[in-house]
Amino acid sequence: MARQILEAIVDGILIGGVYALMAVGLTLIFGVLDIINIAQGILVVLGAYLSYALSVHLHVDLFAGLLVTVPAMFVIGVAIYAAFIRPLRGRERTSMSLLACYAVAIIIEGVLYWIFGPSTVSLTGSYVTAEIHVGWFYLPYIYLYGFVLAVALVVALYLLLYRTRFGGSVRATMQNQTAARLIGIDVNRVAALTFGIGVAVTAAGGMAYGATSGGFSPNSGYDLISRLLAIIILGGLGSIGGALAAAVFMMTLQSLVDIWYPNWAVAVFYAALVVVLTFRPDGLFGRPAARAQ
Amino acid sequence: MTPALSRRGATVGPAAAWRVSGVLVAAAALAVFPLWFTNGLVTTIAVDTMIFVGAASAWNIFSGYSGYISLGHAVFFGTGAYTVAIAARDWQLTGDAVFWLLPLAGAVAAAIAVPFGLLALRVRRHTFVVVTIAVFFIFQLMAYNFSFTAGSTGIIAPVLNWQPATYNNPFYYLALAIAAATTALSWLIRGSRFGLQLRAVRDDEDRAAGLGVRTRRVKLSAFVISGLITGVLGGLWFYFIGEALPQFAFDPLFDISVALMAFLGGIGTVAGPVLGALIIESAQQYLTTTVTNDYLSEILLGALFLAVILLLPRGVIPTAAEKLGSWQARRRAAPREVPAGAQPDGAGGTEASPAPAPGSAPESAPSGPPAPAGPPGPERRP
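One line per chain: the protein sequences are A and B, in this order. Using my numbering, read the first sequence as starting at 4 and increasing by one per residue. Using my numbering, read the second sequence as starting at 760 and increasing by one per residue.
Everything labelled a hint here was simulated from the structure, so no lab data went into it. Virtual Cβ for every residue (Gly too), placed ideally from N, Cα, C. Heads up, some of the hints might be wrong.
Away from chain A, derived, C-beta distances all over 10 Å, residues of chain B [to be verified]:
hint: 1; residue: Thr803
hint: 2; residue: Arg848
hint: 3; residue: Trp859
hint: 4; residue: Ala916
hint: 5; residue: Thr1048
Have a look at the derived ranges for each label pair, beta carbon to beta carbon [claimed, not checked]:
hint: 6; chain 1: B; residue 1: Leu863; chain 2: A; residue 2: Val190; range: 50 to 56 Å
hint: 7; chain 1: A; residue 1: Asn266; chain 2: B; residue 2: Tyr932; range: 50 to 56 Å
hint: 8; chain 1: B; residue 1: Asp965; chain 2: A; residue 2: Gly138; range: 51 to 57 Å
hint: 9; chain 1: B; residue 1: Leu1012; chain 2: A; residue 2: Met4; range: 39 to 45 Å
hint: 10; chain 1: A; residue 1: Tyr264; chain 2: B; residue 2: Thr1048; range: 37 to 43 Å
hint: 11; chain 1: A; residue 1: Gly244; chain 2: B; residue 2: Ala856; range: 37 to 43 Å
hint: 12; chain 1: B; residue 1: Phe796; chain 2: A; residue 2: Phe119; range: 34 to 40 Å
Modelling step: build the complete structure from the supplied sequences, incorporating the hints.
This is the structure:
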């Protein structure tokens, strides 16, 4: 039993790292644009399919393929922002952007169904099946590599946000858009690039997800987005550190419950969210919301 | 609840007459619809559409007026479906008797709406949306995992021994009656004190609370009313489909569909959700039956949504009303001069009429900006 619990905790932390990467993209987009990109789930699946297409048809290694898929997803993100998000204005912007993102999601889902069909596929590679011996149990290498990749990208994002001039503009825009505009920040450009970056991480997240989840289909987007939403709310909307902590916490909790009640493992995920929000309506690390205007 | 008609003179006039006659014509057309179209495929689409007209109107009573966007109304829909399914199975009801279970479906859905609302309404905006999604997934999982819901096997509806040729008609009229009653209720609420309090919450909740609106009670009441109606519709839908399965009774697409319908037509208006449901549900059903490629129909639907969002960002009815208002204002600006603001803002508590009589609507303020010229839409701010 002790071995099982330890294994569940290690699994939870490693998978949590991958979810953290996807959630950081989502919470970053929320922080800067004040919209929830409900298409993030299907974009992760799209990223996974891009890796899948590269590895099956062109025999490109999964990690090498990221050099192509990450820029591709960045361009897709900027294009979605420019075409569908930026034109939205006025008081209904928040709700309309939710619907616009949803419309984008069902178009992408339809395209994926059309091209790849409804069957479940998974990413393969030598390190997906090979296992490493850790203490008492075996762990597929991909869990480790995926975690390292996620951590590296989160650190890169951190450096980008806190050590560059562009990062300063992004954080200023997150804090106060009007003030950022007044001191000469091109808020539109910051928003477009942030949306692009938030979507670009789904390429890496999707690859890691596709290789560790044991299979995905165009339908996986719903499951992903509902978990990601739970994570970013639990962490506190717009809080990057909160998203990291919540992702690891949620995935560990889920894999622990999975030992005893596999059917209810996912429910615990949402139940934890509901319980936390009952006591802390702004999430674990969120600031109290400013008065909505 | 006093309807707006008696309190505000603005609605009494040729525009109101047009509006009333328009509603009567629409009601008559809908009432004779199944006599005209007897094709089973068409009436099936009609029943589905009527269920969604009711559901979108019910959603709008809470989300449209209060501004709290719920993406968890499938909780009530599924609860209603499972309530009648389980009751009919355990009490061994057959035939027409099962329809007496519909009020029970509404009662159970309302009973669930109370704790759901108490929990979810503590938070606002995006967080509220996500909490409703989370509660929705918990309910779907419960339907999958509890033994009394029969898990993924689902529950089959009792057999109804009706004539195949007119099988859909009772469903159609029942759905039509519920949809009409919900729309009427929505209209009554919009003009009532309760509706004004809800809309005050939407515009600025803190200020509304400061002015003495009991915001929690008002929000929760609207949530429960909305959930009750959605539960009844879920029960009706269960008989119509004939089976309750977790993934269809608690369907994430239901959540998003009702919201889209309200947004498309015009959120916070009375006629908007009705129009949106008529357009989206019939288009969706039509696409599913005619376009053989499922995926293509999905893509087309997404493209349609995007086109609507980009071209009519505030919904059909408010946009149309605004266009019409500014057109009238332009037309009137030339002949005479009336000080702007002399007219009351908007046409009272009723919905924006898609086609008021040209030149007779009281709401146009000549030479003013288009903003005060329309009826009080959801985005009207002082």
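Verification of the hints:
no., hint, in the structure
1, Thr803, "holds, 23 Å"
2, Arg848, "holds, 22 Å"
3, Trp859, "holds, 33 Å"
4, Ala916, "holds, 26 Å"
5, Thr1048, "holds, 17 Å"
6, B/Leu863 <-> A/Val190: 50 to 56 Å, "holds, 53 Å"
7, A/Asn266 <-> B/Tyr932: 50 to 56 Å, "violated, 41 Å"
8, B/Asp965 <-> A/Gly138: 51 to 57 Å, "holds, 54 Å"
9, B/Leu1012 <-> A/Met4: 39 to 45 Å, "holds, 41 Å"
10, A/Tyr264 <-> B/Thr1048: 37 to 43 Å, "holds, 41 Å"
11, A/Gly244 <-> B/Ala856: 37 to 43 Å, "violated, 59 Å"
12, B/Phe796 <-> A/Phe119: 34 to 40 Å, "holds, 39 Å"
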